[in-house]
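K.L.:
So you can see what is in the structure, the chains are spelled out below.
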Amino acid sequence: MPDLDYVVSTRNLSKRFDTRIATEKGWEKRTVAAVSDVSLDIAPGETLGLVGESGCGKTTLGRMLSLFYEPSDGSITLKGVDVGKLKPREIKPMRQQVQMIFQDPMSSLNPRHTIESILTEPMKIFSRDPASVRRKKAGDLLESVGLPANSLSKYPHEFSGGQRQRITIARALVLNPGFIVADEPVSALDVSVQSQILNLLQDIKQEFHLTYLFISHDLAVVHHLADRVAVMYLGRIVEIADRDALFTDARHPYTQSLLSSVPTIVPNKSKIGRVLQGDPPSPISPPAGCPFHPRCPHAVDACREKVPTLETVDAKYRHEAACHRKDEIKRLSGDST
Amino acid sequence: MRRFLLSRLLQSLVVLVIMSFVIYALIGLMPGDPIDLMISANPNMTAADAAALRAIYGLDLPIYERYWNWLTAALQGDLGYSRLFGQPVLDVLLPALGNTVILMGTAFTLAVMVAIPIGTLAASKPRSAVDYGINLFAFAGISIPSFWLALMLIIIFSVSLGWLPAGGIASANAGFVEYISYMVLPVLTIATLSIGSYTRYTRSSMLETLRHDYIRTARAKGASRRRVVWKHALRNALIPVVTILALDFGFLFSGALVTETIFSWPGMGKLIFDAVMGNDFNLALVALLFATALVLTANLLADLCYAWLDPRIVIGGGKV
Amino acid sequence: MTSNSPLSLAARRFRRHKLAIFSAGLLLLMIVLVMAAPLFEALLGVGANDVNLMSRLLPPSLAHPLGTDELGRDVFLRLLYGGRISLFTGLTAAVFAASIGTVVGLFAGFLGGRVDAALMRLTDSVIALPLLPLLIVLVAIDLNKLGLPQSIVESEDVSFYRIVFIVAITGWTTVARLVRGATLSLKEQEFVMAARGVGAGNMRIMFRHILPNLLSVIIVAVTLSIGTVILLESVLSFLGLGIQPPMASWGNMLTNAQQLIWEAPMLAVYPGLLIFVTVISFNFLGDGLQDALDPKAEY
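Residue numbers (my numbering), protein chains in the order written: chain A, 1 to 337; chain B, 1001 to 1320; chain C, 2001 to 2299.
Rather than coming from a laboratory, the hints here were simulated on the basis of the structure. C-beta: ideal position from N, C-alpha, C; glycine also. Wrong hints could be hidden among the right ones.
[Claimed, not checked] Cut-off 27 Å, straight-line C-alpha distance, at most; resulting in silico cross-link-like pairs (DSSO-like, lysine-lysine): (1) Lys205/A to Lys124/A; (2) Lys2187/C to Lys92/A; (3) Lys79/A to Lys137/A; (4) Lys92/A to Lys124/A; (5) Lys124/A to Lys2187/C; (6) Lys154/A to Lys2187/C.
[What the hints assert, rightly or not] Far from chain C, some chain B residues (derived; all Cβ distances over 12 Å): (7) Leu1009; (8) Asp1049; (9) Gly1105; (10) Leu1110; (11) Pro1117; (12) Leu1121; (13) Trp1163; (14) Val1177; (15) Tyr1179; (16) Ala1220; (17) Arg1226.
Only chain A is shown next, with the shape it has when bound in the complex (with noise of 0.2 Å):
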């Protein structure tokens, strides 16, 4: 059982839509694979990174692992449970041990609500505590986020975005859970304030002992704040590694292109989707055989045919790449360069 040694798990994870797409014939109805065989580990502690274009999947991904969606495919290991299969009743004791922090801190607090409805809610729906037990909660958790206790009468609407998504993070503490889902917490953020919010996500990761999953576009972000990234290329992770592994040693050329086109590594200036030439393929009529092989420069006959796996690289930096070139690949493009 080494799941155990794991916040989470996940096994061949798979999740698919049903969509209408508009045809000449009229509504079609089509299934989109937004996240296809994803297997990873995250372990206590650790932040893991996922990257990747807007479209990838990196969000659904993100939802399955905090239980907003039911995996099609495959399974999740949460705190050793089998999370993937079970039935709405069954999951709401395991909300407590994930929780997840939204893009947009201004449509994720209900705006009727006051700061204090919204960091009680939890604890009424779980705890017996008396209302004075969970008013005191409630007031520490803001201040633990750089808010002060008396904020807790107000309406969302009274904060600005970065006070917002302070209360976000707050909500997100309240049930005490070992691990959060940050899906692109600072993106809808002005830029001055997106440090402040990573620096506070940093020092609850100590107070609190969590463990993140932290989703973004922003490379420099990313390299900041995680031990561990993922890439993702169209609902697959294309490449896994420790931070430095991955920056100084891609092995895929997707994660090469990326990183390559980030001269320095600073904030605002290291966003995906500007980098690479054209759009990622539909999700709705993937490519056969590797999902990059149409954008990549390296892309061979075995590229178009077959789908590559995650194939270990260098088992000391748990790295990992989905490339059926990945051991000829730093000098293919050494030679390009």
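Guided by the hints, dock chains B and C onto chain A, whose structure is given.
P.N.:
Only chains B and C this time, still in chain A's reference frame:
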């Protein structure tokens, strides 16, 4: 297209069957039953006689069995006798149905012919004095109590001016002009109620349509504003209006009931009112069902009209 | 004092609607007047239900500002008391109707799928049916046959309860549609997912999280439906099926007036005019509120 109409037809039938049961059950809850009425007519009847009669008429059976008996008889053409009129229900009903269709049809046509032009006019000059005036008029139309409007029309045109009859219907051998003179006030009453809401729907739908790109393109190509509004936009603006009109026939019928009662117009509305008030169970039941069927048929016709206006409708369920 | 809370923004937009503000003032005045009815009774020295056959159908005078009716009762006082009943019935029935509509719309919009399809089919059917004839049957049913206790069936207020109930079970459809539409967009907001994330169930999310955000939609819907409700109440009372005499309502005052239309046409003018002014004021007010609270909606 055929599938769309078939499914609509089927839906209407289902609603009709459900409503027939609901109405049957409600009528059963009205005070007294036919036997009570017989008892009051014949003081010599004993309680045992009454119980025996109830058994003969099947009134001691549970409601769903009584309903089933009624339904099978009705489907074979036996709708029973009207107590108030002493005639078969159908003989009373059909002339009333004809009178109501004439009244409602005329009022509806008038309402549409007034509302669509003035609604379009208001939308073509938004925020102008004309728009403001039409809007006020429309608000007045939806806010005026139908029966009061009827009374005011009577006060003005019958009591004060003496131009038009205050109620009733022309005798069978009367001329066309006399026939019309009895129709004017009830038709005006019913039409006014609907003109307000129809105008507002037309105006907002037209404003919405005028925002679309193809309208701007037509304008850019040099078509005059008036031409764009009346030639290009009107047909598209009418599509949502038709859906709303379809839902409005029930309301129209409600208005007709009040109006017919006040003007003593011998239509379905007055018949239903008299039947319910006079404890004429058979007549009330069948008349209500006919009224429901009438409204559902009107809805179906509106659906047809909708499909004709909007060729994109292929299958059902696309209603906004 | 330029706060940017949603409420103060709405207040600023509302102030642009002169007609709505005027209507609100008019309604307020009307409420004050009907509340002060006993005061006018004392002032005029007669009761609203005092019959005096010696002074039938008198023209307006100092003693009777709007004259007397066929039983010699003071028309002005009866209008005030009738206004109490009509406004109170309208408000109560509209609140009940809005409650039903809110629950239906909330469940349909939030749960979606088959629940939504079934509830909306029901709403469409209720809208499309010829309601007034059906309501007449509902009014005519024998409350004893429903097994209600005798004390209720024979109480004086039974016509009031009945009319509130009947109007409520038919008047909820507009609210249901508006609430469903608003719920559909609200449930996509991230705070709904956040609530689920902290363990909230469907009921809690619907009633604690979505419902408070529907407040403005519901206020608009209630305001707009009060007009419809008052019209319906007055029609039924006019037909002799609503509020029963001697309790006065604007609707049943017109019933008698119809019989006297040749002798005393003014008796038919006053109550209807008051209904008309009240209903149109609520409609203007609702329209202004809708524009203020939901600027995207174009009625």
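K.L.:
Each hint should be assessed against the structure and marked as holding or not.
P.N.:
Here is what the structure says about each hint:
| no. | hint | in the structure |
| --- | --- | --- |
| 1 | Lys205/A to Lys124/A | holds (25 Å) |
| 2 | Lys2187/C to Lys92/A | holds (19 Å) |
| 3 | Lys79/A to Lys137/A | holds (25 Å) |
| 4 | Lys92/A to Lys124/A | holds (13 Å) |
| 5 | Lys124/A to Lys2187/C | holds (22 Å) |
| 6 | Lys154/A to Lys2187/C | holds (23 Å) |
| 7 | Leu1009 | holds (14 Å) |
| 8 | Asp1049 | holds (22 Å) |
| 9 | Gly1105 | holds (15 Å) |
| 10 | Leu1110 | holds (20 Å) |
| 11 | Pro1117 | holds (20 Å) |
| 12 | Leu1121 | holds (17 Å) |
| 13 | Trp1163 | holds (15 Å) |
| 14 | Val1177 | holds (25 Å) |
| 15 | Tyr1179 | holds (24 Å) |
| 16 | Ala1220 | holds (24 Å) |
| 17 | Arg1226 | holds (22 Å) |
In the structure shown, no violation is registered for any of the earlier numbered hints.
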